[in-house]
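What follows is the residue order along each chain.
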Amino acid sequence: MVNEPDVFAGSAHYGWRDWLSQRVTAAIMLLYTLLILAVVLWHGGVDHDAWKALFAHGAFKLASFLFMMALLFHAWVGVRNIAMDYIKPTGVRLAFQVAVICVLIAYAGWTIQVLWGGA
Amino acid sequence: MSALDRPPVVKPRPVYLNLLAIRQPLPAIVSILHRISGALLFLIGIPVLLWGVQRSLASPETFAQWKGAVANPLAKLVLLALAWAFLHHLLAGLRHLVMDLHIGLDLASARRSAAIALVLGLLLTAIVAVRLW
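So the sequence lines, in the order shown, correspond to chains A and B. For the first sequence, the working numbering assigns the number 1 to the initial residue and increments by one for each residue that follows. For the second sequence, the working numbering assigns the number 120 to the initial residue and increments by one for each residue that follows.
Looking at chain A on its own, in the form it has when it is part of the complex:
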């Protein structure tokens, strides 16, 4: 009988989850980018009125919010991978990752201000 190891390599499956989420978020961002490109080309460039009218649409606000959340999640996976590869001391890496999370949350708050702040 072969003794099965208690822990399999990669048993946490977060590698697979990161791989998939990085691609799903990329696809969402790509679609939004194409949408923006289409709108701008359709109008032949945008002035302030057209720009403001576009961002006044509830559906466009939601699409923009979805884009930003995909972007922030994508950035988290990417930046964390960079940190895991290059920052060896655990304490320094932890501090860096906490700082990155704070920045991402700040970006999310700023996004909500821009989209729903009504300024």
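These are calculated hints, taken from the structure and not from any lab test. No false leads were slipped in.
Here are the simulated lysine-lysine pairs, PhoX-like style, with alpha carbons at most 25 Å apart: (1) A:Lys52 - B:Lys195; (2) B:Lys186 - A:Lys52; (3) B:Lys186 - A:Lys61.
For chain A, the structure is supplied; the task is to place chain B on it using the hints.
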């Protein structure tokens, strides 16, 4: 004289690879630029995007101001660098997606697609540059 008579070739071990001295293959260059462009987009791209959208939405005056700021040579340079980062990151990412579908995995194809991603990114950045100036 047989091979046994010669002294054995002793190579110093362990071998430390100096990444800066090795000539990197093209896919490796595209890969590290994918990382660098991603880091740039996180640190500078996202705040510039949010700030730009915020200012451009606030009023016709700030919209014009933002357009005016873009006329500043230094601001143009930053925007151009971000445009390259975005385009390279997008193209290198699309290359990943295609390779995930098991298309172009052999060495020759991988080198070719890396070259395409690198050159197309620079080419599109050049178009953006022409439009900015």
